[in-house]
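Colleague: The chain contents come next:
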Amino acid sequence: MRGLLKHYKYLLLVIALVLLGLHLVSSSLNKGVNTGKTGRFIMNIYAPVHSTISWPFAKVADFIGRYLLLVDLDEENRKLSKNNRALRLRMMETEKLILENKRLRELLNYDTPKDMTPIYAPVIARSLTPETRTLLIGKGSKDGIEKNMVAISPDGLVGYVNVATANSAKILLVTDPASVIDAVVQRTRATGIIKGKNPTMCSLNFLNRTEDLEVGDMVVSSGLGGIFPPGLTVGQVVRVERETTDMFLNVDVFPAVAFDKLEDIIIIPGVVSHDEPDVSDDIADYSSDDMEILE
Amino acid sequence: MQTLLFAFTGLLLLVAENSWKAHLPFDFTAPQLTLIWVLALGLLDNPVRGALFAFAAGFVMDSLVGAQPGLNATIYATIYFIMKFSGKAFFPRSLVFHVIAAAFLTFAALMLRSSLLFVFPSCDAMIGHVLAEAPTQVLVNCAAAIVIFPIMFRLDDLTGPKREDMFYLPSNW
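Each protein sequence line maps, in turn, to chains A and B.
Under our numbering, the letters of the first sequence match residues 20 to 314, in that order.
Under our numbering, the letters of the second sequence match residues 1396 to 1568, in that order.
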């Protein structure tokens, strides 16, 4: 028996590892998107390792970009100057509106909005497989990032912080199948639920089939649901299907953000205060099981 | 020494794989560098170290960017096992074998991923996309294998036991 074990020790090791992997898979089945203690530890130590290893490559890429690839720089400079002038005018108007808004809120004794100081974070890893749409960012709780904070880019909503460690944080993208956002169609104010459909598309669910919806309509977050503040651009409607037998419309929404090209993202606080119970796990559970029943 | 060197190579490939896509100038299927590294380990000696490295690489991938813990770890350990046993039947230093093995096992890894995704209720809709990407992914991984396999063999030659010690050469007769 001992000789047999010795002879097949390698085979037994591989079988044990595969079984361990399957055990991890099965134990994560009912938990939704989850990262255990070991996973958090790996995330935590990966961020400094990544920045150390990629530093020389980043410098070379920076040098090439800054000094060698200067084609069209003059034209780009002119375009940016023009944009800058337009934005400065817009900013003056916005500042005036902010002051007016603040004054009116004070007059009405209305709740002042929470501090929305953004945190800029670099993307250090991204999922290459279609079934998971996550990003790893190089900033964590040390920099003020906490679970359920919202990730945005200048183009729109990116996702939310699913796991935060001291040095890094994992962002669950809006296209992930476990991601669920309460959304509203900007033109008609019709509300529905945005859910990740495939690597490049989301679906807008539970929209009554009598709703007036057209291709090209913009979809924004409604502010309900516990995480995302209202008014963040989610995407644009690209397909509307009215099945005669269905209660709801079949709607595809193309995300406003090109996730594959994101290099930096902005983290802002979510609508849930950090003292309140965590809702993301509920969302993950809701997305996996209840959504199917509802559909 | 060799263990450290292989681990460092794996780490480099992991960082490259994770930051690769953001720096490419066009929409491109990125190569799965750590999977190719695991395949190369399957052709080198020390099966215990290789199996543990394969599992660890998958587990790290799961922790960093995966949403289902254990998915990549299971796939990498299984693929390593297949490579280890198929490598015995062929000439492991042949470039043709490297390319064929990379193509076949990338496809096997995608099939295994699709099968495992069936158990996740939220991910079953993604299976079609996993399979749709298969042809491109196989091609890209084959190209990466042409580069990574020789590097791993060279590292093994530099740090592993001398060939003269392993074979009974005519000079020793």
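Keep in mind that the hints were calculated from the coordinates and are not lab data.
There could be a bad hint or two in this list.
[To be verified] For the chain B half of the interface with chain A, some residues (derived, Cβ under 10 Å), not all of them:
(1) Gln1397
(2) Thr1398
(3) Leu1400
(4) Ala1411
(5) Gly1453
(6) Val1455
(7) Asp1457
(8) Leu1459
(9) Ala1468
(10) Ile1470
(11) Tyr1475
(12) Ser1481
(13) Arg1488
(14) Ser1489
(15) Val1491
(16) Leu1534
A virtual CB, placed ideally from N, CA and C, is assigned to each residue, including glycine.
Colleague: Against this structure, judge whether each hint is valid.
Modeller: Outcome of the hint check:
For the restraint placing Gln1397 (chain B) at the interface with chain A, the shortest Cβ-Cβ distance is roughly 18 Å, beyond the 10 Å limit, so the hint is violated. With a cut of 10 Å, the hint placing Thr1398 (chain B) at the interface with chain A is violated, because the nearest CB-to-CB distance is about 16 Å. At a threshold of 10 Å, the smallest CB-CB gap from Leu1400 (chain B) to chain A is about 15 Å, leaving the interface hint violated. For Ala1411 (chain B), the suggested interface contact is upheld, since its CB lies about 8 Å from the closest CB of chain A, less than 10 Å.
Interface restraint check: Gly1453 (chain B) against chain A, minimum CB-CB distance 7 Å, threshold 10 Å, status holds. Look at Val1455 (chain B): its Cβ gets to within about 6 Å of chain A, closer than 10 Å, so that hint holds up. This hint holds: Asp1457 (chain B) has a C-beta 7 Å from the nearest C-beta of chain A, less than the 10 Å allowed. At about 5 Å, the closest approach between the beta carbon of Leu1459 (chain B) and any beta carbon in chain A falls short of 10 Å, and the interface hint on this residue holds.
Checking Ala1468 (chain B) against chain A: minimum C-beta separation of about 4 Å stays under 10 Å; hint holds. Look at Ile1470 (chain B): its Cβ gets to within about 8 Å of chain A, closer than 10 Å, so that hint holds up. Hint status for Tyr1475 (chain B): holds, given a least beta-carbon distance of 7 Å to chain A, under 10 Å. Evaluation of the Ser1481 (chain B) hint against chain A yields a violated restraint, the C-beta minimum of about 14 Å exceeding 10 Å.
About 21 Å separates the beta-carbon of Arg1488 (chain B) from the nearest beta-carbon of chain A, more than 10 Å, and the hint is not met. Here the hint on Ser1489 (chain B) is broken, as its CB sits about 24 Å from the closest CB of chain A, past 10 Å. Interface restraint check for Val1491 (chain B): the shortest CB-CB distance to chain A comes to about 26 Å, outside 10 Å, so the restraint is violated. Interface restraint check for Leu1534 (chain B): the shortest CB-CB distance to chain A comes to about 15 Å, outside 10 Å, so the restraint is violated.
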